Every structure is written in C-alpha cells, then in structure tokens.
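Protein sequences appear in the order of chains P and U. Note that my numbering gives residue 111 to position 105 of the first sequence, counting from 1, and the numbers run on in steps of one. Note that my numbering gives residue 573 to position 527 of the second sequence, counting from 1, and the numbers run on in steps of one.
Hints are computed from structural coordinates only; laboratory data are not their basis. On a predicted model such as this, the values are computed, not experimentally measured, just so you know. Mixed in with the good hints, there may be bad ones.
Here are some of the chain U residues that sit facing chain P, going by a computed Cβ distance under 10 Å [claimed, not checked]:
id, residue
1, G115
2, F144
3, Y151
4, D173
5, E194
6, G226
7, L255
8, I257
9, A258
10, I274
11, E278
12, M365
Simulated crosslink set (DSSO-like; lysine-lysine; CA at most 30 Å straight-line) [said to hold, decoys possible]:
id, chain 1, residue 1, chain 2, residue 2
13, P, K182, P, K167
14, U, K175, P, K172
15, P, K23, U, K197
16, U, K640, U, K619
17, U, K299, P, K88
18, U, K197, P, K88
19, P, K23, U, K204
20, U, K204, P, K130
21, P, K116, U, K204
22, U, K329, P, K23
23, P, K82, P, K167
24, U, K647, U, K637
25, P, K130, U, K589
26, U, K87, U, K73
27, U, K197, P, K116
28, U, K537, U, K663
29, P, K130, U, K299
30, P, K88, U, K204
31, U, K304, U, K320
32, U, K299, U, K320
33, P, K42, U, K275
34, U, K275, P, K15
35, P, K23, U, K275
36, P, K116, U, K175
37, P, K42, U, K599
38, P, K23, U, K391
Ideal placement from N, C-alpha and C gives every residue a C-beta, glycine not left out.
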Amino acid sequence: MTSKKKTIKNIKIDVDKCNGCRACEVICSSFHAMPKYSSNNPARSRIRVIHDPLRDIYVPVYAGEYAVAECAGRDKYVIDGKEYDECAFCRAACPSREEFKEPDSGLPLKCDMCEGEDEPLCVKWCLVDALTYEEREEEVVVEEEDTPDEIEIGLETLINKHGLDKLLDTVEQLAKDKS
Amino acid sequence: MRYAETGYNLEIDLSRGNIEKVATDPKETELYLGGLGTNAKLIWDRVPPEVEPFSPDNLLIFGAGLLCGTPATGCNRTIVSTISPQTRLLAFSMMGGFWAPELKYAGYDKVVLRGKSPDLVYIWIHDDKVEIRDASHLRGKGAIETAELIKQELNQPKAQVAAIGMAGENRVYYASIEQGRSSASRGGIGAVMGDKGVKAIVVRGTRDLNIARPEEFLGLCNEVLDYIKYREEHPIPGVMPILAGLGSPQEMKVHDEKWHTENFMWGNSRERRKGFWTDEIAKEWTETMEKARTRLISCFNCPMKCGATISMPGLPTYMMKCFTKLTYTMGAFSDLDFGLRIAQKATEYGVDGFSAPQVMAFAIELLENGILSKDDFPGMPEDNEGRFFYLLDMIVRREGIGDLLANGTYWAAKEIGNGAEEFAHNNIKKTEQLPLKLSMLNPIYFLMYSTGEKINITQIEGQFPQAPFPTREAREEFVKDWIQVPDDRFKQYFVDWELRGENSMPFYPTVEMCCDIVDWQERMHYIDDALGQCAGLSSFPLKPPYHIHNYPKFISAGAGIEMDEEKLTAAAKRYRTLVRAINIRRGMRRKDEKPPANHWKKRFPELEEQLLDAYYKLKGWNRDGIPTAESLRELGLDYVSEDFIQRGILGDDEAADPTANQQAATAQ
Ligand code: SF4
Ligand code: SF4
Ligand code: SF4
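Bound-form chain P, shown alone (with noise of 0.2 Å):
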C-alpha cells in the first residue's frame, strides 16, 4: 500500500434549491450517448432525481459504484409522514433494484463526472445552483489493486443476473456467428 495525492471531485448537492426540473437529467444523458449528444433519455442518464412533489421531497442522486450484491439492511424512511426505501435514496445500481441501469442492456450506469469536460454538466445546467462542483487535494492510501474497469463490471453485472454458464455459451455462440 503507497500514500499519493488524489483530486477527489465531489458534487455538493443542495437539495433545498432543487425545483426538480431535470435539466440534469437531460444533459447527462445527453452527453453520455454515442455520438455525444445525439439523442437523450432520462432514463439514461447517471443523475436522476426522487421527485415527490407532493410530500416536498426532491433529492438528485448521482450514480456510485456499482454493488455487485444487494445490501443486507434496507432501513425504512419516514420523511412527511411518507415511508421511504433506503434503496430510493441510494447511489449504486445493484442485482435488486433498476436504478441505474441502462433501460435495455441492464449494465450499471455510473457518474464519471463528465471526463472531459471542464465541468460537470448537470453543474453547468443546473442554473439554480442546486449542484455545485467541488475539487480537492487529498492524500490518500491506495490500494495495489485496480478498480474494475466498466467491461468487468459490465460482465459481473451479466453473470449475476444470467448466471455464468449461459454468459459463456452466449459468448461462444457469438463468436461463431463472428468467425
């Protein structure tokens, strides 16, 4: 384990200016489509927001780490006399719940703060300031081993869901239909 300096970026949220219009989830998923800003699709999109207008409730998540089981405890949330699932209010796409997910494939989505851009676009589109951009210098302790990249997340994501047998068969298959 080594010591080194990491830019730990943050999106401070402010759930009391959100006006739960969206526009971050519009731009996010916008970005994020291929070619970049050819289509959009909330649905998409790595931030979304739990929007209860009725109860006041309007909270933007922006996607964590995928979690490859679900979570032991799922407490129980009364905000206004309304219960809540912790999993509403949760960051990371995981086995039990959609949230996420991309609508079709099923693999986890997750906020990659906008790499290349100079800042997060949900920022830049919030004009009400509900979110707000934040960098800073850390030390940190760096663990030897990588983080999964999206293709091994992706395949993780597969085999829990499809199992690991019907994975591999598909991947045969379509490297035949290939040769």
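Got chain P sorted already, so can you dock chain U with the ligands onto it with the hints?
Here is chain U with the ligands on its own, set in the frame of chain P:
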C-alpha cells in the same frame, strides 16, 4: 430515422377498446411542424363540422410539441386539441410540466382518442405496452388524488399522469385536465375527456429521442441557457416587474400585488378597487403566501420556477401556477387565504381557474340583482366564502342551478333569461376572459382579442411592449439590443411611439403597424405551440431567448428539417390558417370577432372596422374573415378551399380567379 419526433402516434378507439401504433408522414411535419400544427391537420381531416363536442366522433388529441423531450430548455408543452363544448370551435389548450417529454420517451408524438368508453377507464402507456384499464374505483376522485392512486397502483412513481377531476367527469364546460404542477384549462377539454370516459392518461417512457445534428443543437441550447442567465442578471428597466424577466408571470414569487389587485376587475369583471393595496393587506398576504408556499418549482428542463407547492393548513398539498393565485380571491372579493384554499379544491375538481371564479361571481350577481332567487340556491351558507365553496360544489356536481352554471356564463345566461345576459358581459366567442376593463381602446389588443383563435388574450401578446416608454431616450435604449425583431422597422414603430400627442393611441401605431405587430406576436405563439415551447421563454415575455432568428436553427439541427425564417413563417401561417379554417367551417365569422362590449370605455367604431379590414387583408382573409381561395392555394391548402367551395363558404368564382391560377402556375 426520425429526429426530435418519434414518428408514431397512438390511436385509441375507446368505443371498441382498440389500440394502434401508427407511423406518421414526415412530410406532414415539414408542412405543419408538430404539436398544434399536426393536431389541427388531424381535426380538419377527421372531424367534420357536423360533429358535436360530445360526439364519439370528436377527437381528443394530446400532442407533444416537435422539440419536446430534446434538451431545448423549457420545451415541454402538451397541446390538447378538440372541439370545445363551450365555444363549439377548436380548442387548443396547453400544459407544461412533464407529460409531453415522457410521452416522447415512451415512443409517441401524440395520443389520439376517439369514440367513447362505456365505463370509466384510464390509459396506461409504458413504452410499447399500452393498456386501457378500469377506473371505476377512481370515479369522483380529485385529479391530483387520482394521479397518486394510479402511481401507487401501478407501482410507478416516475409515471406522469394527466387526469380529470369531478368537473371533467360531469362535463362541466370549463373543466380542465390537470397534471401535477400544470393544467390544460381553457376551452373545456376536460369535459371532452370525461365524455370519452377517460379519467387519466398515464405515461412512462425509457426510450431514446434522437437529434439530427447533435453538436450544433447542443450549442444552440447552451446559447439559450447563457441568455437566460444574462437576462436574470439584467432585467429590462422601465417596465413592471412581471414584464422585466423571463418565464410565466412569477406569481408564486411575487408578493406585491398592487398592480393586479388595483387594475383588474373584482367580481365577475365588475369593479376596480383603487387604493385596495394597503400596507396592512400587503403584510397579511405576504404572510399567507409564505406560510402556504413550500417550494418554487419548474417544469421539465427549465430553471424558471414559475410554479409552487402550496400547503394550506388542514388541506392536502397541491401545486399552483400563475394567476390562479388571484382569480378566486378577486372573483369573491375575499383575501389570499381564501383564494389558496378554494384553489386547492378547484384543482382537485379540475376546473379552469379563469372561468370558474367568473361564473361563480356571475351567479352571486344574478342573485343580488333578483334574476335568480334564494330558492335557486337551497342550503347555501350565508357567508361570502361559504357561498363560493357551495357554488363550486354545485357546479362540478351539476346539481340544481350548478347544472346551468356548469355551461359557463354565456350558455347559462341564455337559459336563465330574465336579463341574465346583461351579466354575462365579459365573453369573447362564448368564453370568459380576463376581468379587465380599460379606458381607451388599445388597437393592438383589440386585434388580438377579436381575432385570436386561442380565444385567450394572455396567450397571444408578448413581443412588443404593452405601452410606450415615457422618453425617447428610454425607447432608443430599449431597441439597441432588441435582436428578437424580425425586421428593423419594428424598432422604429416603438421609438416613435409616444404616451400623448400625435403618435399615441389609438391612432398610433397606425393601422398597418398594428397589423404588423399583432401578426408578429401571433406568429411567435403559433411557432411555440407547434414546437411545444413554453411561451414564458419565447412568445410571452419581452426579449426572450427563443425568437424568429434562432428557431429555424433549432428545427434544422434538432428535427433535421431544413428550415429558414421564411419557411418557418410560411409553416406557421399555414397551420394558423388551418386552425381558422376549422372554425370558419364551424360557422365562425367576422360578427364573432369582437371584444366584450364594455371592455374599453372609449371606443372608435370606425377605426375598429379599419383594423379588422386591414388585418384580414394582411392574413389573406376576405371581408368576412374567411381565408380566400388564393391565399389558401399559396399555403398549399387547396383541400381547404375545395371544401369551402363545396360547402358554399366560398363562391365557385373564387377558385376560377384567373390571376390566382396564374400565380399557381408560376409557383410550380
Ligand atoms: S437541474 Fe438542478 S434544479 Fe433541476 S432537477 Fe437537477 S438538481 Fe434539481
Ligand atoms: S457529472 Fe456528468 S456524468 Fe456525473 S451525473 Fe453529472 S452529468 Fe452525469
Ligand atoms: S418558464 Fe416557467 S412555465 Fe415555462 S417551462 Fe419554465 S418553469 Fe415552466
């Protein structure tokens, strides 16, 4: 591939329970753009003038604007079109919020309802899965309540619900369709939805919406956002606060109501209350608003926060937008606390916030003037506020006198007789208007009131200042960065416009200038209504981010339809004329084109005739307001003139006009 639009409509026949996904013709989009434009085309093609509003053959169309669901800021309007029970003409009411983009993401541009369901149903659209579901358990439920119950029942917290309340179920002529923080209110479209037996349309979509030229389109969106930021920091000087910024009038934010409460009429457009706005009232109303308002909220993809969540003690939460804040208060000569409480009920019942308070005030006035008697209101409480709550209940249930009142002041007065018609004095084309009564005729507003097909003044005005600025310097300053004008001549019109003297109302702006100004304002509204753009960022405020110069670029880059200012102007004129043609075919004529008789104290009958003549001419309509065969041909609307000739609306000779034929020949 289709861009910005999905290329599919959902056609639902409620009588047979049949659901079809129908591909649309991209050529139609090029000609009529979408939203209102293509809605009007469907109504022209499929709803002949014999069809009554409450006939199974009347269509009820929910059209998402062409650019809805794209990243274009504030583009989120659902345009609902049908034949109105109140006016018997085309109604095209709009709602903001979240419904139209969700429909696009589900893969459809429109939901077209025809027929009538024998039982109360709701429609559940989830991408490719579309179902008609039983709604008998929702009968009598409030519109917001219904939305909550359905979302729970389907376990779909993200679904968007457009629903009617009891007023729609009972076919109140001014029933609205409610959708969370928005509603489509004018023209009684909620009554047609109720007549079709549809309690709600619920939609959830997770599909992609494509953009033709992505980078360019995003560049345009970013320009709009930058401009919104700039305007927030630089409000227009010299105009009243609600005109200085962008968005719908910020009624939920603004506490100072001196202007509205002292300039608009109270009761059923009865009485102006100068000096009403005292410090005491200001304090009381501010407290009421601050206690009630939980949060300012926006529509889909827009930062403007024109609405608010309202929780009155002891009442369920609801969301309010715009001017409903004052309509009930002023209709009943009451206070804001009452206004916000009754609006909660009215929103659940689903009634138009303009018409409903006017109708209730009208009933009270008939009672006070002996035209109706106490016996007509059995069990009515004595206190003022109680009487309004009572009337609202009677109306939405169509009980007793409420059954007549549910048809609006025009039809109710006719039925009641005995001088009641004198009291229904604030209608245009049978619909209640904003309670304004002014001194001197305003020729620009005269034209907008009289000829507007939308039959709602607040949705026609916008691009040109409402009054001249006091000094020439201020006017010159204003026009300096007025990039939104289609032509520099508009700047001159404004610079030369004086408060008093030769260049003042009613003879300046001149007849020609007035026509020019109104035509421009109307064009912008019609473009918005086809694209699904909120008027609050476009046609309604001064110096908006969307205008005639950037719209063609949005359409080209977004929808992939090559567009320039001329082509866009022609398209807007085409479906504007088609909207008129629908109404002409239903009997509307020049005689119907007039503001309420006592709207202005000082009238100029000759000038008014000149204004109408000149405006009709500019529009390509004959003296009776009927589009001429020649102008129809120029717009590619020959099918309209053929129909007019067949029905005897236009004479045979008008088609055989040799000059017209020649023009058609050279155009080919
Ligand atoms: S853009 Fe901002 S205000 Fe709008 S939903 Fe997202 S966080 Fe909230
Ligand atoms: S930072 Fe970028 S990737 Fe992350 S949620 Fe915001 S827009 Fe999406
Ligand atoms: S300007 Fe106001 S009304 Fe218009 S879309 Fe934005 S929030 Fe909605």
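- prompt: Which numbered conditions among the earlier hints are violated in the structure presented, ordered from lowest to highest?
  reply: none
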